[in-house]
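As you go down the protein sequences, you meet chains X and E in turn. Position 85 of the first sequence, counted from 1, bears residue number 85 in this note's numbering, the numbering being contiguous throughout. Position 157 of the second sequence, counted from 1, bears residue number 157 in this note's numbering, the numbering being contiguous throughout.
Calculated from the structure, these hints are not laboratory results. Note that beta-carbon positions come from the ideal geometry of N, C-alpha and C, so glycine has one too. One or more of the hints may lead you astray.
Unchecked claim - Covered stretches of chain E, going by a simulated chain X footprint (3 or more residues, C-beta under 8 Å): (1) 31 to 38; (2) 123 to 135; (3) 147 to 154; (4) 158 to 166; (5) 212 to 219.
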Amino acid sequence: MSATTGNPSGDTLAPLRRQWIRHSPAERLTRWLMFLAVVAAVVWAVRTIDIIPEFLADAPEQMADLVLRMWPPDLAAYPTTIHAALVETLHIASLGTAFGFLMALPLALMAARNICRIPALNALAQVGLVASRSVNSLVWALIFVAVFGPGAAAGVFAIAFRSIGFVGKLLAEALEEMNPGPREALRAAGAPWGAEMLKAVWPQIRPAFWGVALFRWDINVRESAVLGLVGAGGIGVVLEDAINFFQWDQVATILLAILAVVLVAEIVVTRVRARLL
Amino acid sequence: MSGSNPPAGRRAPFATDWGMRIFGILIIAYLAYASTQLDLGLGRFINGLGEGGRFIARLFPPNFERWELLLEGLLESIQIAVLATVGGIILSLPLGLMAARNIAPWWVSGPTRAFIAVCRSLHYVIVAIIFVKALGFGALAGIAALIIASIGFVAKLFAEAVEEISMKQVEAVRSTGASGMAVLLYAVLPQVASRFVGFGLYQLDSNLRNSTLVGVVGAGGIGGTLFAAFKRFDYDFVSAILIAIIALILLAELVSGRIRAAMR
């Protein structure tokens with residue numbers, strides 16, 4: 001914020017007549033240019049996007065049809081097919097989170113500049129973490145379905161590889177923020193590297209560790225619900241089948257089940273976090 | 001985050017935290033049980049390693065011959081992201097205000113919060129499936145799905161920002177006899193406007209990521225091209241698409257970082 005004075009003439013009341021302007025001309029110019037860019041982007045997108053008008057015209061009709069087909073939800077299908085798939089989804093999310101942590105821990109230790117003193121290794125670990133994060137879990141699932149074949153194994157690996165980047169980045173940040181005192185004290189007492197990690201580093205990052213674990217597990221429960229759409233196991237497979245067979249009442253049950261699981265997972269995470277941290 | 005401080009009376013060094021230990025053992029037991037349920041054999045893993053080697057060999061070199069198709073998909077993804085963000089922000093503004101418990105009465109904020117929670121809970125790909133049925137194949141379904149996702153994120157954060165504002169200014173403006181609209185415009189919005197811009201930028205970033213994927217279920221963008229290439233085992237084209245998507249996302253991150261710095 002900057003202030004520019006108005007008429008700087010000789011009279012004594014001049015300070016009272018000062019004119020306050022919130023932004024400097026350069027700031028105002030960048031703001032206007034950005035506003036212009038946003039408007040231009042929207043206009044370009046609206047004018048060139050490929051929307052089929054017939055589809056838009058009968059959208060309300062189709063929507064009503066969809067709701068009518070979905071209601072009432074086919075609750076009888078839950079015990080026979082949906083329940084097992086839902087449990088499998090939870091297993092995929094948990095195992096994926098665990099494997100992700102196993103792979104992320106060494107990378108996080110390598111990426112933290114106060115643990116690993118070799119800049120080349122820091123950079124290498126960072127590249128690994130960024131690569132994991134910039135590929136979406138569905139794309140990871142496509143890749144692992146090509147590698148392991150369709151099934152829950154591909155889902156577990158997709159979740160794990162997607163989690164590495166997120167978990168590794170947050171853990172590395174927690175490691176870099178910790179207090180060097182306890183480590184120095186242990187090292188001065190002659191403790192080996194393992195003891196230093198276990199007794200000085202681990203107690204300091206433990207709250208961050210559990211916080212990240214719970215947070216990522218919550219995200220992974222949501223993500224593992226859709227992995228089945230590309231064949232990576234879980235409730236997505238059942239959802240895909242139900243949609244392909246136009247069993248919309250069953251689709252409604254599956255959606256309700258996913259919604260319930262996601263909400264319960266969120267409540268569990270909030271509770272456990274309040275207890276742990 | 002700070003570590004747990006030791007109890008004042010007993011000062012055992014490195015005391016065993018039995019609660020945490022039991023919690024950890026329970027988690028490990030559950031993971032062991034889950035891995036037996038999922039058929040994760042070692043043989044399958046070793047077999048997969050061989051397959052993985054062959055798969056990676058087929059990814060290289062990336063094949064950019066069909067770059068027109070690639071560019072078309074990328075542009076459509078960007079269009080979806082831009083329109084979904086604008087639509088989502090326009091809808092999030094009233095929804096966020098309606099969900100803020102210090103502005104709206106409970107019978108308005110309660111249902112609005114529930115609606116926002118549902119928007120947030122459903123994965124955007126699942127929402128996209130529903131909209132593909134309702135609106136037909138194409139970009140429109142992707143836009144609608146990402147608008148729902150944007151509401152779930154922006155409206156929630158916006159409501160939280162509104163709940164954190166200082167009520168003094170609201171009371172001051174109200175005490176001059178201002179109407180409800182004037183209170184919103186002159187007391188509430190100025191306090192949250194800059195954060196709202198930040199949420200919008202963040203959401204544009206994440207919509208761009210997500211718009212590259214809604215195509216997997218037929219909702220437009222590069223995802224459809226990617227999924228088709230996977231299904232045809234066209235792995236060299238797959239690697240070209242993946243490189244293009246990652247480049248686009250990194251570029252977007254760079255640009256939004258610059259914009260955020262300029263808007264501060």
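Hints and how they fare:
no.	hint	verdict
1	31 to 38	holds (count 5)
2	123 to 135	holds (count 8)
3	147 to 154	violated (count 0)
4	158 to 166	violated (count 0)
5	212 to 219	holds (count 4)
Checked against the numbered hints above, the structure violates hints 3 and 4; every other hint is satisfied.
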